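Chains as they are written, first to last, in the working numbering: chain A, 1 to 345; chain B, 1001 to 1138; chain C, 2001 to 2649; chain D, 3001 to 3391; chain E, 4001 to 4287.
Just so you know, the hints here were simulated from the structure itself, not pulled from any lab data. Given the structure is predicted, the values throughout are model-derived calculations rather than measurements. Note that beta-carbon positions come from the ideal geometry of N, C-alpha and C, so glycine has one too. Just to be clear, a hint being listed does not mean it is correct.
Stated by the list, open to error - Facing chain A, a subset of chain E residues (Cβ under 7 Å, in silico):
id: 1; residue: 4033
id: 2; residue: 4186
id: 3; residue: 4206
id: 4; residue: 4208
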Amino acid sequence: MLKKTAIEKISQLAAVLMEKGTLLAPVKEVAGHNFAEINDPQKVDLNFYNTIISPKGAFFPPKEDFIKYKIGKTITEAEQIKVDSKPVFLFGVRPCDVKSFSIMDIHFNAAGIIDPYWSQRRKATTIFGYAYDLNQPVDAADFYNSLGIYAADPEGSDIFMVKKDKDLLLKGITPKGEELLAQLNTLVDAGKDDEKYYEETLKKGKEYKTRFLCIDQDVIAKKLEAVFNNNDFWTKVSSACLSCGACTFVCPNCYCFDICDDTIFGKGTRRRVWDACMFTDFTLEASGHNPRTQVYQRLRQKINHKYSYHVKKYGVISCVGCGRCTRSCPVNIDIYSIVEEALKL
Amino acid sequence: MDFEPKILGIACNWCTYTGADLAGTTRLQYPQNVRVVRVMCSSRINPSFIFRALQLGADGVLVGGCHPGDCHYNTGNLYARRRLATTKKILEFAGIEPGRFRVEWISASEGNRFAEVVEEFTTQVKNLGPQTKLKIQE
Amino acid sequence: MSRIGVFVCHCGLNIAKTVRVSELAEFAATLPDVVVARDYKFMCSTPGQEMIQRDIKEYKLDRVIVTACSPLMHEKTFRKVIENAGLNQYLLTIVNIREQLSWVTHDIEEGTAKAKALLNGAVYRARLLAPLTSRVIDVNPDVLVVGGGIAGIQAALELANTGTKVYLVEKNSTIGGHMAQFDKTFPTLDCSACILTPKMDAVLQHKNIQMLTYSEVTEVKGYVGNFDITIKQKARYVDHNKCNACLACTEKCPGKGVSEWDEGLVKRKAIYIPFPQAVPQKPVIDRESCTYFIKGKCKLCQKVCEQKAIDFEQQETFSTVKVGAVIVATGYDLMDTKPLVQYGYGQYPGVYHSLEVERLFNSAGPTGGKVTLRDGKEPQSIALLHCIGSRDKNYCEHCSRVCCMYSLKFAHLFKEKTSADVYQFYIDMRAAGKGYEEFYNRLIEEDVKFIRGKGARVTDSEEEPGRLIVEAEDTLTSKFLRVPVDMVVLCPAIVPRADSKDLARLFNLSTDKQGFFMERHPKLAPLATMTEGVFIAGVCQSPKDIPDTVAQAYGAAAEALTIVVKDKMELDATTAMVNPASCCGCQNCVRVCPYSAPSFNVDKRVSEINEALCKGCGLCASVCPTSAIIARHFTNEQVLAEMEGLMEF
Amino acid sequence: MSQAVTPYLEMSQAIMDAGGEALKKCYQCGTCSGTCPWTPITHFNIRKLVRYGQLGLDGIEDFMWGCSTCKFCVDRCPRGVELIDVVMAIRNVYSGGGMLPQSLRAFVGSMSARGNPWSGDQGSRNDWTKEKYPLFSEDKEYLFWTCCTVCYDPRNVKLAKAAAEVLNQTGISWGLPTTDVNCCGESLKKVGDLELFERLKNNNLNFFTSSGVSKIITVSPHCLASFKKDYGQDYEVLHLSKLIDKKIKEGKLIPKKDFGGAKVTYHDPCYLGRHSGVYDAPRDVLKSIPGLEFVEMKRSREQSMCCGGGGGGLWMEKLKGERLSDLRIEEALSTGASILATSCPYCITMFEDSIRTLNADDKISVKDVTELVLESLEISIDEPVVDACSV
Amino acid sequence: MTDFKKIEENLKKEAKRLLESGEVTVVLAYGKGFDEKHPMPFAAKSVADVDNIVFNEYCNYNMARYLVRYPQGTKIAIAVKAADSRAVIQLIQEEKIKKENLVLLGIPVIGMKNPKTDEVIDSKTTCGMHNPVLYDVLLGEEVHGQKIVSPYDVLAEYEAMDKDARWQFWKDQFDKCIRCYACRKACPMCYCDPCFIDQNKPKWADKAPQSPGNIMYHLTRFHHLAGRCIDCGECSRACPVDIPLYLFHKKVAKECEEMFNQVSGMSIEDKPVLVNFRVEDSDKILE
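Could you put the whole structure together from the sequences, leaning on the hints where they help?
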């Protein structure tokens, strides 16, 4: 089933989705676009390349409250905070980001490690994938092709969207998506040429080339392992690194977090917040010992984790090549270039 | 009901705290909105104390130290003057009413001055109403 | 988890009147970590103290909160109490609900509510307190006495007699102070010199006293037990080691200066001793009036000096003494009465101030003890005007305390030495002292006219040129009086020394509104100051008479002894320390510390604090951007927690 | 009859409530009464007044009108008692009870009915101008505030005209108030009628606000002190003598006429001197006039004598021998001066009276400093000013 | 207009000379990035590294940030533009580095650009100076004749705001903060390790990216940088969510300048204003 709507009427679609549940969609901010919960349907803006921060926050928000507690004289009362199970529509996710969700599932939604917050949100969410605009140039930082992802790849989406001139074509991919599409009465049925355009776009997506690294993840993983002790190399590639958390916070696949208690007047919240392996205190131990005091150690950890350890442990690189870390890096460190350098060694 | 502001006072041990005691021994009457923390010197006051006090819901913060030149530690209050003045400018530019933060030099013999300042400041803060901007909402 | 005991004091009704103390204790019992909370009539009494100690043992308390009067009052008392019960003294928290609460409100609702907030703050803070160990330091056994008046002399002698080495610093060229200017002392009318000069001589002779006249303290470093004090010896231009006090120089000297000692009533030589009984009996040269220093030649004194003691090249010198304690006894000045134009001082020659009159009575004074006016005539009628600048909001609010009595003394001496009529213009006669009222009665019988009404104006008489008219209302008859007199004696306010502010700064003393040095507590520590190891005696603390001054001098000597008699002493443990793991090496602490306690360890790239030098102000902790400096007992966590507790309710 | 009295503390409280709070501070030292110019010559005793007030004793009404609010006692009081406030409060409390003396009834009545103390018609306030001088409008810098006394009292109208002419010479832009205004109310307040004072004040404030007044020049020090202290507004108020002094120093006014060695002495009006702290400006003006020999009286500046006209004194009958102005004229005469200069219409009125009763017209004349300046500028107000070009 | 190529040549030449002669062991400059628009901070440690040096209008980095990474005594040459040189001066004042260990390669430049927006960087977001304050070698012609614009002009609009509107403005800005700490890491003056906000004893604020903690972090940081910020604008350019931190820093700098009559990073003789005092400082500053 292929449906369509004029892009200028996108707010009508947004309004309908807002009635059915929570709508998360790109909105324009000063610095660029980001996903946000939509309160005003007019705010939805599909005129973007990709968001600054990845949509992982839809399932793994920067701050997740677990428990509210009150320290009493004899007992401390605590109450667990439940996830709202209202339907969520995550609208306008680029194919590489859609892919990232399945990698993140390994950590939050795989057998043995079911994170209730992640999994419940995943279940409640319908993902509207959105093909890159093939008429626009590829951003120089992107390299998702290296990870086997293409610009118009519907895999993982419940509904996949393709922009056709002034229209938006929507295709149900999963039964959940199909079902939803059928209910969205602001959409009209697409015509034959739309069908054709949609299919052609998926095909043309493969020709829409990003930078390309190496298709064999095991080669990369082994190489990185081999150069682990090459301190000169790591020092050199990290010499510009500021050790801030910008790259990890925008990354769709970074999942590290910290758990902290915030108490005021004896009442408090235990919550999970994003953490970053680039921070000095990330590995600070209670004893005061810190195994990674140097910038190069932290950057090496970050790259190895994504491209080496993750491959060995889970069989997949923990990166989708979206280019966000490169774009957000205050000093233009390019993770692709570092891996490329390593491969040359 | 009348709004009764909660004001955090931070007083140096040697001058303002002693002056506040003197106000008591001379049985001056003044509003009871100020709750005083004693520190050894006004220079002990970290600017973040002020920010934190406002976050904790203080409607105003009153800092008291020795008169410049009379610091028990010679020069502590001269540093404090610069540091707290800067704090005040920061609060002001952040959009916090500057009237919520006041630094006064009150010597150990100025019990009446202490009472006067508390009275004045309490009225001033009362007129500004509750401080909601920085206060952490539970 | 802490085990906190809360002890709420009623202080009789002082607190209980405006704070519901039992409700406060009940409230305390509801707070987390508080295992026992009680209220009691007088917590500082023996039963109160025993109650605390009993509870510490019974409830295994590890923190004690006493909710009572100001910590400045009884913190030390209660620290001892818990220490004797086996608890570290720094685990005590005092909540001040008397001076800063019950005494400053009438409203029991308001009082109780605020008391709860304050107590809550203390509980928050108490949880984070840590036991601290006091530092033990060596104590220097010597004492410095600043000021060589009767207070300084008495204190120095007392100390010296116990075997203590004393440095006595006096800024004039002789010791003796104001008392040496007087002729008689009230109320006994005994001769001032007869009492004082033997004491001055005893100072000179005492092997344990090093007298430093014509000297001033210029720098004070160190702390209780270990003061390093720099003293400036002003240039005397006379080598006192060589001088044999023949005083031939003073006879030959052609220079003329104004005699400070005689309050400017006469001239003196440029090389001089202030008065014949001066100690030391050795002259100094006053640059301002010395012909050689003015014109470049003369040196007559040098020519007559057989000892070759005159040294025009002499320079001021600086020396440092190390002492364990200091007594400040710097005395007073009289207020300048010229701004009070209505009394005509400086305008009419017949108007005198009290110190001038003291010199007129003195047989060693400018008139040889005869009471004559500036024109040499004996006054026929004299008015004494009380409270000139004293008890006056426009000048000095305080009562100068001795004027009533010395005015009576003056009246007696006037009656004795002249045939003049004597009028006293007073507001209230204050004669509270042993034998004082009796003295007042005696003067009434001597037919002195007491006029209850403050002198309003002194003007010259149009009818009798040269005479003065004192105008005042006799408030007892409501009559406006115009009293013709020949001499008017003003009793000006007693004020702190002109340079007392500088001295206060040197020794870190607090001053009161008028500038007198403040005692730590008017009743509990009347001679101690806010600076450990520095004590005050005499009029520099507030106006008082000679008996009180001498009593204070004895007291201050005893206070100083309590410090220097031991060779070690404990210092407060509330110093700062650096947590090297958090130090970023910015060196802010090094830059700001007034005592140079922090230093930068270049190898480790972190700051370190010498705790012996640290006075615990906490400045370094607040300028430390990484919170690496821990101001013990006032740590960031403790202050933040207290703030949180205070703001909760 | 029993001589015993009982303190009447309710009365004492009433006085404190009416603004005499300072009563409490007094310790009866007698500095005020010893300083007061009235004590030597009348039975008025300011200390006793305070004492009676402290205890609320009867008999206070017999002497409470004696004070001329010269402020000498306030300046001297060691306890900082605002004695004038006490006097006002006592008068307020007792006159509220109908104890106003006969001579002040006309004064208060005129104030109430006509808004001025001289029973003049309110509409004819500006009649003296003969429409020669401009009214204030917003484009003008200064409002020239004419005291009621200079508007209605024939002697002082001369002062009004002199002031207007001198102002014209200074080059500033100025205007007069319309006839909507009324007396500043200063004396009325001192007499204790605080309620009526409020009415007068508010009426004047209405005029100031509606016409955009920000700077005011006064000819009377009483208006000056009232605007500054009693009106509770932040106007820039300037006494004419200060303006003249400034303009002479700037060279905008140049006194020309030589007085040929005439001796002049200066009387400090209490409200210009002690109340407002202006001592030098009028003296400097006098000293800038050619050929005037300036001599001081014995009591001058901060210690100046009072003329007796303040605090309602101008409208009260005083017996011969109980007039301060008489004593002051004698003091002026003793300096040998032929001109007694001053800067206050009240002082002028008081002194003119005294000169008449002392028969001293041939020895001394009273002039406002402004009048002397005008004379020295060689401008006459008696005839129309002739245009210089047409001569 | 600045001749970027010429400066690049001079930079390479000087770097080569200094490394070859052994005068320095590190040259802190700019190197090639993954494309021309994205150059990177670069530390050349050998003559071979010099080839990698570039200079173009996107080389905004304040290389002073990297100085404190090297052990004391390391001889370093550093490329400094105007604000960068002020950072070096400020670090010398704070005794973090010593002038004798440094060779300052001064770059006078006009027309640097923000790669995100392609806007020219001027006094709106930085101190707007063109010539280095302190240098040993000058790599180009000094810029003169430019209109002098106060770096504080941009504040007028915010200073004129009603306090409630200004509060709302800043609250919205700080609410965006994701606590990635790029601002403090990009800042040449933020050399604290650990930063106060990372501490648990005391815990100054919560770690979660939400209003109270964000405000505490930023306000305290503004105070820590008061009188030290040299207005290079790095914090704002580093910020992934574009919080205009430079505005607040400018305001604090302006106030400090008015109160203490000293501009940060202009003279190595100065002492940082907040660890200094003058007895004659006025109490008016507290009003």
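Hints and how they fare:
1. 4033: 4 Å, holds
2. 4186: With a minimum Cβ separation of about 5 Å from chain A (threshold 7 Å), the hint on residue 4186 of chain E holds.
3. 4206: Constraint on residue 4206 of chain E satisfied, holds at 4 Å.
4. 4208: 4 Å, holds
Violation of the numbered hints given earlier is absent; every hint is satisfied by the structure.
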